[in-house]
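2 protein chains.
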Amino acid sequence: MNIHEKRLKDLQRLLKNEKLDAMVLSRPLEQDFLTGFRMDGYVLLVSRTEAWAFMPKMLLDHFRSKVDFVNASSPDSLLEAVVSKVKDAGLKKTVFEPETETYLRGRFWLEKGFSEFRGLTAGLRSMKEGEEISILRKSCHIAARAFRIIKPRIKTGRTELSVSRELEDLMQAMGAKGPSFNLIVGFGPDSALPHHETSARPLGKNEAVLLDFGCVYDGYCSDITRTYFHGRPDAEFKKVYSIVEAAQKAGVKKVGAGAAASDVDKACRDHIADAGFGQYFIHGTGHGVGLEIHEAPTLNTKSKETLRAGMAVTVEPGIYLYGKFGVRIEDSVLVKKNGCEILTK
Amino acid sequence: MNIHEKRLKDLQRLLKNEKLDAMVLSRPLEQDFLTGFRMDGYVLLVSRTEAWAFMPKMLLDHFRSKVDFVNASSPDSLLEAVVSKVKDAGLKKTVFEPETETYLRGRFWLEKGFSEFRGLTAGLRSMKEGEEISILRKSCHIAARAFRIIKPRIKTGRTELSVSRELEDLMQAMGAKGPSFNLIVGFGPDSALPHHETSARPLGKNEAVLLDFGCVYDGYCSDITRTYFHGRPDAEFKKVYSIVEAAQKAGVKKVGAGAAASDVDKACRDHIADAGFGQYFIHGTGHGVGLEIHEAPTLNTKSKETLRAGMAVTVEPGIYLYGKFGVRIEDSVLVKKNGCEILTK
Chain A
41 MNIHEKRLKD LQRLLKNEKL DAMVLSRPLE QDFLTGFRMD GYVLLVSRTE
91 AWAFMPKMLL DHFRSKVDFV NASSPDSLLE AVVSKVKDAG LKKTVFEPET
141 ETYLRGRFWL EKGFSEFRGL TAGLRSMKEG EEISILRKSC HIAARAFRII
191 KPRIKTGRTE LSVSRELEDL MQAMGAKGPS FNLIVGFGPD SALPHHETSA
241 RPLGKNEAVL LDFGCVYDGY CSDITRTYFH GRPDAEFKKV YSIVEAAQKA
291 GVKKVGAGAA ASDVDKACRD HIADAGFGQY FIHGTGHGVG LEIHEAPTLN
341 TKSKETLRAG MAVTVEPGIY LYGKFGVRIE DSVLVKKNGC EILTK
Chain B
41 MNIHEKRLKD LQRLLKNEKL DAMVLSRPLE QDFLTGFRMD GYVLLVSRTE
91 AWAFMPKMLL DHFRSKVDFV NASSPDSLLE AVVSKVKDAG LKKTVFEPET
141 ETYLRGRFWL EKGFSEFRGL TAGLRSMKEG EEISILRKSC HIAARAFRII
191 KPRIKTGRTE LSVSRELEDL MQAMGAKGPS FNLIVGFGPD SALPHHETSA
241 RPLGKNEAVL LDFGCVYDGY CSDITRTYFH GRPDAEFKKV YSIVEAAQKA
291 GVKKVGAGAA ASDVDKACRD HIADAGFGQY FIHGTGHGVG LEIHEAPTLN
341 TKSKETLRAG MAVTVEPGIY LYGKFGVRIE DSVLVKKNGC EILTK
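Chains as they are written, first to last, in the numbering used here: chain A, 41 to 385; chain B, 41 to 385.
Please note: incorrect hints may appear among the correct ones.
Which copy is meant is left open, so a pair is good if it fits within one copy or across any two.
Claimed, not checked - Each computed EDC-like pair below joins lysine to aspartate or glutamate, with the alpha-carbon atoms no more than 16 Å apart: (1) Lys364 <-> Asp101; (2) Lys127 <-> Glu151; (3) Lys217 <-> Glu206; (4) Lys342 <-> Asp116; (5) Lys278 <-> Asp116.
The set of hints was computed from the structure by calculation and includes no laboratory data.
One chain only, chain A, in its complex shape:
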């Protein structure tokens, strides 16, 4: 039984536990997680004991060549085929996940009598296991190594975009499929924009350099941020950097099975606030990372989740002085029974 078949069975067990008869899934991400087949335009229906995939003709041979534990067919109307199957198989309580559906699709399911049920696949996805962990670790190692290689190559005059491209190239050469998001390379005042769009700006003498990047390796996303000063840092940069560094360490120290996600945020936030920069830490502390660059759980002031062994999350506090510079330090870490493993090293 491969990992996808195992996950499908995990979902079927959850359906039974929750007294649901079936779930319909139409987003490629969850479909890929459960079947290993990722392609726009098909619909997956999972009951407690079976699974069906309805797809356009052009995907059918391809699907069958990759997945042998799901019944695949190519009906005229995919959506109506789901409705018929639900009826014919007597699946009374069929649900969809509201957080993964488009508006039009979800509205259609509602009209057909299906109901909303949240979080089952997100819960399965948040707990990494087996080969997933080694793949994620490798994805993070690639990113961390790319930073060590590129740092000495970032010289005065190089543009943000050229650095971003070289990071992508370096990670691809190490086996990554591509970047895990639009990489952020910010020089000088650009580093103060948490979601800066990497530009053709050249690096000046004596400027902050912020690199927020990661790759997709065998489907899994890594996420890392490093900030440093190119040239001679002034006292203000040094001070801000050391505050963020200590805040990030305090956050990482909080991570472990049983810890509240909000406590990790609090550890970072309190440290920055105590140092007098609370108003400049303008985002949450972290997020889960895996098949998506942002997934469950979230780590911010409002988080209700408890961390569990097997979750992978980022810890990434920052201080942003608009018009001057910003400092963010981020690691992806794996939650362990006791403490955590820093993956981006």
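Given the structure of chain A, go ahead and fit chain B onto it with the hints provided.
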């Protein structure tokens, strides 16, 4: 007035024509089209005379530095702020576009009394104008040139993935930001899967090579497919290739202002069917291309759209012999008053 401000005014004019008071938009694509600011997590509200953007604190400075024709603010709850503004400004008929919303967001708007209205921004986006056209042309030229460069470098033993990566590198070196989708490189039987996932398969002697690729240049996507035979083609490949080639030419010949999109599909489909391969052409003929790799209009048997000057579409018939090889030939073309301009050349 920059192009974004002009588009916002175009949308405001449409709102007036359709007797709507306002539209709420939450997808980055449409927001970027209308403001020039593309970032997850903000909400745009456009009335007939004004526009407001509600966003997290961390985006506010960044937004204001780029967009001066939209009122930006950072309320505690973005969604509730939209609702309050709609109420305070007396915007009675406020709509959202069902085809661009997530299920949860759309459901929220419905609950607040907003209603569905389709196709306004898709209509604006489908008609390319001014600098958009030269950007799109450049995006397509980069892709076409990359093919000419890479073709002689595709030798026996090279893997699909290495070719895909080199295509990306070549296009980036010509100014592209990145690939416009997961590039498809298929060797031998892999070419018979219309949505093949590029793999580590090496090229054998005497095999079909199919490259379906494109880039994003200054935000605009190009899309091109080329198929050829590496080595000595047999009679079957030669026959299938010449059928697809003639079908594609027949389709391109149909493109022009006033033509029915379905007639372009019909021209390709009839040619392939007449040659006895109708059952192996298992997808539609084309789609609009622009900010998205797939956008309005669609060109298939069921299309209702009429082509208009300024639209950019693909024409991409194919024949797929599962287990053997596939041939697809695709160009992106710009619809003109008379005929069209082939962009991917």
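To see whether the hints hold, each was checked on the structure:
Taking CA atoms no more than 16 Å apart as the test, Lys364 paired with Asp101 passes between copies only; the shortest distance there is 13 Å, against 56 Å inside one copy. Taking identical chains as interchangeable, the C-alpha atoms of Lys127 and Glu151 lie at most 16 Å apart only when both belong to the same chain, with a minimum of 14 Å there against 29 Å between chains. For the identical chains of this complex, Lys217 and Glu206 are neighbours both inside a copy (14 Å) and across copies (12 Å), given an alpha-carbon limit of 16 Å. Within a single copy, Lys342 and Asp116 get their C-alpha atoms only as close as 46 Å, which misses the 16 Å cut-off; across copies the closest is 13 Å, which meets it.
Within a single copy, Lys278 and Asp116 get their C-alpha atoms no closer than 64 Å, and across copies no closer than 32 Å, so neither meets the 16 Å cut-off.
In the structure shown, a violation is registered for the earlier hint numbered 5 alone.
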